[in-house]
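Undergrad: Residues per chain are reported as follows:
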Amino acid sequence: MEAAESARTSYLRSLRSVFLKDWLSELRTRYAISALLMFVVTTISIILFSLGSEGAPPDALSGMLWVVIFFGAMSGLSRTFVMEEERGTTLTLQLLAPPSAIFFGKLLFNLVLITGLNAVSVALYAAFITGFVIKTVSIFLAAVVLGSLGFASAATIIAAIIARANTRGTLYPVLSFPILLPLLLTVIHATQLASDGAPFSEAIGEIQILISYIVVVTTAAYMLFDYIWKD
Amino acid sequence: MVVKVLSGVLLTLVIILGLGLPMSPHPQSWYELPVIPGLEDKARIIFFHVPMAWLSVIAFLTSMYYAIAYLRTRQMKNDVRSSAAAGLGLLFCILATLTGAVWAKFNWGSYWNWDPRETSIFVLLLIYGAYFSLRSAVETEEKRATLSSVYSIIAAVTVPFFIFIMPRIMTGLHPGAKGDPEGAGPVVEFKMSPNMRLIFYTSLVAFTLLFYWLFQLRVRAAALEAHNDQRG
Chain A
-9 MEAAESARTS YLRSLRSVFL KDWLSELRTR YAISALLMFV VTTISIILFS
41 LGSEGAPPDA LSGMLWVVIF FGAMSGLSRT FVMEEERGTT LTLQLLAPPS
91 AIFFGKLLFN LVLITGLNAV SVALYAAFIT GFVIKTVSIF LAAVVLGSLG
141 FASAATIIAA IIARANTRGT LYPVLSFPIL LPLLLTVIHA TQLASDGAPF
191 SEAIGEIQIL ISYIVVVTTA AYMLFDYIWK D
Chain B
2 MVVKVLSGVL LTLVIILGLG LPMSPHPQSW YELPVIPGLE DKARIIFFHV
52 PMAWLSVIAF LTSMYYAIAY LRTRQMKNDV RSSAAAGLGL LFCILATLTG
102 AVWAKFNWGS YWNWDPRETS IFVLLLIYGA YFSLRSAVET EEKRATLSSV
152 YSIIAAVTVP FFIFIMPRIM TGLHPGAKGD PEGAGPVVEF KMSPNMRLIF
202 YTSLVAFTLL FYWLFQLRVR AAALEAHNDQ RG
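As you go down the protein sequences, you meet chains A and B in turn.
Counting in the working numbering, the first sequence runs from -9 upward without gaps.
Counting in the working numbering, the second sequence runs from 2 upward without gaps.
This is chain B alone, in the form it adopts within the complex (with noise of 0.2 Å):
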C-alpha cells in the first residue's frame, strides 16, 4: 500500500516535472533546465526511458536470483516469483526499445542502428522471448520450473560476455560509448545540472518502487490462482 503511493506521488512528479519545467539556455533559478544543444527537448527522454531501461535490467536479476531459489529449495512460490519478474522485465524491455526507437528516429535518423545498448536489449528481449516460448511448451509445473529456472541461469551467465564483445566490434552512439570522451564503460556519468539529476534519480526510485508493487501484485494474483486451482 505504502508502496503503491508512494510510486504513483513520485512517479506524478517526475512526470509533471520532467515534461513540465521550461528549459533556459543559461539557466538562472532551479526549475528552469538546461538546454543541450542538439537535444533540446529530446533530452527529457532520460526522465523515462533509462529508467526501463534500468527495471528491465532489475528485473532479469530478479528473476535469476528466484530461479536459483527455486533449483535450492524446490518451492513453487520461488518459480511464481521468477516468472513474475521475467514478464514485467519482458514489458518493460518492449517499453524501452519502442521508446529508444522512436527518439532514435527523430535523434539519430532511424529507429534502430545497431548501437551496443541497442543489441544488447535485444539480445534481452530474445532470452525473454525464448525463456517464455520454454516456459509454454512444458506442461508439467515442476518440470517447467525446473527447465526454465536452469535456462534464465545459463542465459544471465552469457549476457556479461557482450560487455566485451561490443566495444570490439561497433561503435556507439549513446552517451558512455566508445568513441565517447566520457568513456566506454558499463556505468554512464551522465553530464546532468543539479535539477535534471534529481529528476532523474527521482524516477530511478520510482520506476523501482512500481517494480516492488506490479511484482508483488502479480506473485499475489498467481499465489490465489492456485488456490483456486486447488478448491477445482
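The shape of chain A in the complex, shown without the other chains (with noise of 0.2 Å):
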C-alpha cells in the first residue's frame, strides 16, 4: 500500500518537474512563445491586407481564425521535443523518468502553450476582424478548450515521431494535417455555429466528437509514446 503510494508520487514528481524543466527553460529563451505570437500577428494581418476595405462571409471568417490557429501551433508545439535532441538531452531523460510521465509532462507543457495561443488568436482576431462575431458564447468557449486540448494531444506525440526523424521542421505540419482534420473540421463547424447564433443544443454533438476525439487520441498517444521514445 504504501509502496504504491510512493510510486505514485514519485511518478506525479517527475511529471511535474518535466513540465517545470520545459517551462522554465521556455522562460528562459522565450523561443516557443516568440515564435507563436509572432506567427499569430504575421497571419492576422496577412489576413487584414488581403480583405483591405472589404468584409468577408462569417463563414469563413470563422474557418480562418482555426487557419491562424493551426499555422501558429505547427510552428511552436514541436519544440519541446526537437529541443531534447538538438541538446542532446534524450539519454538523460530516458534514464530519469518513466515514459509516460515524461509524455504527460510535455502534453501539460503543451497544453498550456496552445491554450495561450489560443487566447491571444482569439483576442487578436476577435479585435481587429471587424466581421468576425460570436453570437453563441457557449458554443465558442466549448470549441476553443476542447480544441486546445485535443490539439495539444495529437501536436505532442507527432512532435515526439518528428523528433527522432531527421526532417524536423517541414515535416511537423504534413504529419499532423491528417489526424487534426477531424478536430479542425468539428471545431470550425462549431464556430460557424457560434457565430450563426445557434442555440447551445446545436451544437451537442460537436462536442461529443471532440471530447472523444480527445480521449481516443490521448490513449493511444500514451499507449505508443513508448515506441517512440525507447530505442
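No lab work stands behind these hints: they were computed from the structure.
Just so it is clear, CB atoms sit at the ideal spot from N, CA and C, and this is done for glycine as well.
Below, a sample of chain B positions facing chain A; criterion: calculated Cβ distance under 10 Å:
#1 L72
#2 L127
#3 G130
#4 S149
#5 I155
#6 A156
#7 F162
With the hints as a guide, dock the two chains, each given alone in a separate frame, to form the complex.
TA: As C-alpha cells, then:
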C-alpha cells in the first residue's frame, strides 16, 4: 500500500519536474512563445491586408481563425521534443523518468502553450477582424477549450515522432494535418454555429465528437509513446 | 500462382462483361443490364471504381495490422509488409480518386465537389502521403519502421471520426449519403439488378485477389533486395 503510494508520488513528481524543466527553459529563451506570438500577428496581418476594406462572409472568417491557430501551433509545439534531440538530452531524460511521465509532462507544457496561443489569437482576431462576431459564447468557448486539449494531444505525439526523424521542421504540419483534420473540421463547424447564433443544444454533437477525439487520441498516444521514446 | 491466374481470369471476365454487355430499358434476358435513368452507360463505373476504393481501405487496414505486428515482434518482415500494403493502398487510392473525378465531371458537372466520400478519400491520400514522407525522412531502418508504424496506427484511430463528422457538415452525392432515401450508413445497399450484382461482387473478389497477388510480389521483391544488400 505504502509502496504504491510512494510510486505514485514519485511518478507525479517526475511528471511535474518534466513540465517545470520545459517551462523554465522556455522562460529563459522564450523561443516557442515568441515564435507563436509573431506567427499569430503575421498571419492576422496577412488576412487584414488581403481583405482590405472588404468584409468576408462570417463562415469564412470562422474558418480562417482556425487556419491562424493551426499554423501557429505548427510553428511552436514541436519545440518541446526537438529541443531534447538538439541538445542531446534525450538519453538523460530516458534515464531519469518513466516514459509516460515524460509524455504527460510535455503534453501539459504544450497544453499551456496552445491555450495561451488560442487566447491571444482569439483576442487579436476579434479585435481586428470586424466581421467576426460570436453570438453564442458558450459554443465558442467549448470549441476553443476542447480544441486546445485535442490539439495538444495530437501535436505532442507527432512532435515526438518528428523529433526522431531527420527533417524536423517541414514534416511537422504534413504529418499533423491528417490527424488533426477531424478536430479542425469539428471546431470550425462549431465556430460557424457560434457565429450564426445557434442555440447550445445544436452543438452537442460537435462537443461529443471533440471529447471522444481527445480521449481516443490521448489514449493511443499514451500507449504508443513508449515505442517512440525507447530506442 | 493460383491467385495470379484466378485474379487474371476474373478481372478479364469483369472487364468483358462489365463493359461489353448491352443495356436495355426493359431487360429481357440474363445478359442485358438495366438502364438507370440519368446514368445510362456511366453506371458501368461501379464495376471498377468501387472495388478500387474498397482495395485502398483493405490495404490501409492491412498496413495497420502489420504495423501493430511490427511493434509487437520487432521483426523487419512485418514492417516490409506494412509498407508494401501502404504502397498498394496509395496506388489504388489514386486510381479511385482519378476514375471518380473524371466520372464526376460527366455526371455531376465538376471534377471535385467535396462530397463526404470525396473528402474521406482525400484524407486517405493525405495520410498515405504523410506516411511515405515520414518514411523517406528517416534513414535508420529500425527507427523508420517504428516511427512509421506508430504514425499509421495514430492515423488509423482518427479516421473513424469522419463517419460521424461528414454527415454533420455536408450533404453527399454518392449513393447512401445523407439526403439519399436509401440511408446514410457506411455500408451501402446498392440497387442493382441480379446480373449487375454478380459482376460487381466478382469484381470485388477479383480486385481483392489482385491485391493479394501484388502484395506477395512486393513482399518477395523486398526480401530479395534485403538479401542482396546483405551479400553486398
